[in-house]
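S.K.: Given next are the chains, with one letter for each unit.
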Amino acid sequence: MRRWSAIPGLPPLLACAGLLVLWELAARGAHIDGLPPAHQALKQVPAILLDRESLFHIADSVRRMLIGFALALAFAIPVGLAMGRSGKVAAFFNPLLMVIYPVPKAALMPIIMLWLGVGDASKTLVIFLGVSLPLIYHSYQGARAVEEKMLWSASAMGMNGLQRMMRIVFPASLPEIFVGLRTGLVLALITMVTSEMIARQAGVGNILFNSLDMALYDRVYAMIVIIGILGFVLDVAFERIRAWFVAWADSQHQIAVGTS
Amino acid sequence: MTQRAAPELLLGILPIALILALWQALTSFDMAPPALLPPPMAVFRRLVEQLGNPIFLQHTFTTLLRLFAGFAIACLVGVTLGLMASSSRVAESAIRPIVRVLAPVPKIALYPAFILILGFDHASKIALVAADALFPILLATYQGAVSVEPKLVWSALAAGTTRRKALLTVVLRAALPSVLTGCRIGLVISCIVVFLAEMISSTDGLGHLLVYASRSFETVDMYVPLITISLLGLSLNAGFNALRRRLLAGYPEAE
Chain A
1 MRRWSAIPGL PPLLACAGLL VLWELAARGA HIDGLPPAHQ ALKQVPAILL
51 DRESLFHIAD SVRRMLIGFA LALAFAIPVG LAMGRSGKVA AFFNPLLMVI
101 YPVPKAALMP IIMLWLGVGD ASKTLVIFLG VSLPLIYHSY QGARAVEEKM
151 LWSASAMGMN GLQRMMRIVF PASLPEIFVG LRTGLVLALI TMVTSEMIAR
201 QAGVGNILFN SLDMALYDRV YAMIVIIGIL GFVLDVAFER IRAWFVAWAD
251 SQHQIAVGTS
Chain B
1001 MTQRAAPELL LGILPIALIL ALWQALTSFD MAPPALLPPP MAVFRRLVEQ
1051 LGNPIFLQHT FTTLLRLFAG FAIACLVGVT LGLMASSSRV AESAIRPIVR
1101 VLAPVPKIAL YPAFILILGF DHASKIALVA ADALFPILLA TYQGAVSVEP
1151 KLVWSALAAG TTRRKALLTV VLRAALPSVL TGCRIGLVIS CIVVFLAEMI
1201 SSTDGLGHLL VYASRSFETV DMYVPLITIS LLGLSLNAGF NALRRRLLAG
1251 YPEAE
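Here the protein sequences come in this chain order: A and B. For the first sequence, the residue numbers in this note's numbering are 1 to 260. For the second sequence, the residue numbers in this note's numbering are 1001 to 1255.
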């Protein structure tokens, strides 16, 4: 048992296979219209991915997601680091963030659409809002835990505040920031899918519900599989990037959990 | 400490007050048409009015019912699987890879499948809430249970406790701080997810009220359900924190 579970990548693959077998058996046993067998749904996956229009919608969704993620990154990391190094900044932002925390971000979609229209801007803004919070939180935690002595040495070497932030605080907080980035990436995907499901304009979420409305159940499940694969692949790819950047820090065996 | 707390509190209220002031200014200087951004007082008045409205309360109750049903299932399944994974190698080698695969998958994508299998009524929403809240609870339980001092379990076993009983009375107790943290995160997630599910497809509940208002361009009524669910999330979070402190009285790491 030890031997096979030591091969990297094998246990998750086996888990996928197991889940598919379970699905196939459940579908054959239950005979529900709404649950086609796995093989039938999986046949639709290449069909969707080879179809020009749906591929365009998926690529468009991913593009919006990455833009929203990048904007959140540029905003949240400086805010989080500043909060971690200054008690005043932390006291300023903390209550506001606490109030925003339980607001369902994707639910803002109809309101934001009133202001900014149905285009890219509102979707990107919602993703930005969804991702910013965990990024701020983790940058804050990272910056708070920076060793004081390093900062004193840096001051003694003649570094000013900004230099200390860039040369000491930012690199030292990097492992924690990456934890936040990983959660944020999964969250960006979730917010993207949810907001598209609510707005029903374009993108992955729209394909999903259009197929549901047209009773193309194989396609619904194929789309779910595609979104699932997207989530898993983004997570694994990000873990690789993280490991490469912060190999010097202790690797944390944590599984990212997305929240809406 | 108390001397420092007051100015810090003021500093914290400042951004919230600024946002409200900006909102008020935008509406009272006619910078934003009321159809797009209603004045804050109008939203607040409507909120108070709706809180006394039995139909609105009925929708709120439906939402809460789904929320707690899904959350309860997630707690039960999450804690059980987490404890199992921590206590047996066989269970761990089965649960770990499945969790690794399913945790980063956006659970909201499963919602159409839940609708198809479980129907449009309560069950599909409850299933989605349970699926979304499950993983943080499971992982927190697992991480808490794995880091329990093994000597505690050995002593219990040496004293003649059965394995299963030791798991419940020793491991679960010792892992309680971590378990409850996971549950608190799961609770806020449940709150958000139930609202989104109701927005996507429902005929009742707070989320449906928002979508309904947006279809009929009743802007004020769009804000009221959103504020209500956020207040519910805030108070559930605060309530759970109080409960957690109570349950963890005497634990060394409790704040």
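Just so you know, the hints here were simulated from the structure itself, not pulled from any lab data. Incorrect hints may appear among the rest.
Okay, the calculated bits of chain B under chain A, using three or more residues with CB under 8 Å as the criterion [claimed, not checked]:
1) 1013–1022
2) 1149–1155
3) 1188–1202
4) 1214–1228
Just a sample of chain B residues kept apart from chain A, beta carbon distances all over 10 Å, derived [unchecked claim]:
5) P1039
6) F1044
7) R1046
8) P1054
9) F1061
10) V1077
11) S1087
12) Y1111
13) P1112
14) D1121
15) H1122
16) A1158
17) R1164
18) L1232
19) N1237
Each residue gets a CB set at the ideal place from its N, CA and C atoms; glycine is no exception.
S.K.: State the violated hints by number, sorted upward, taking the hints as numbered earlier in the document.
M.R.: 2, 12, 13, 18, 19
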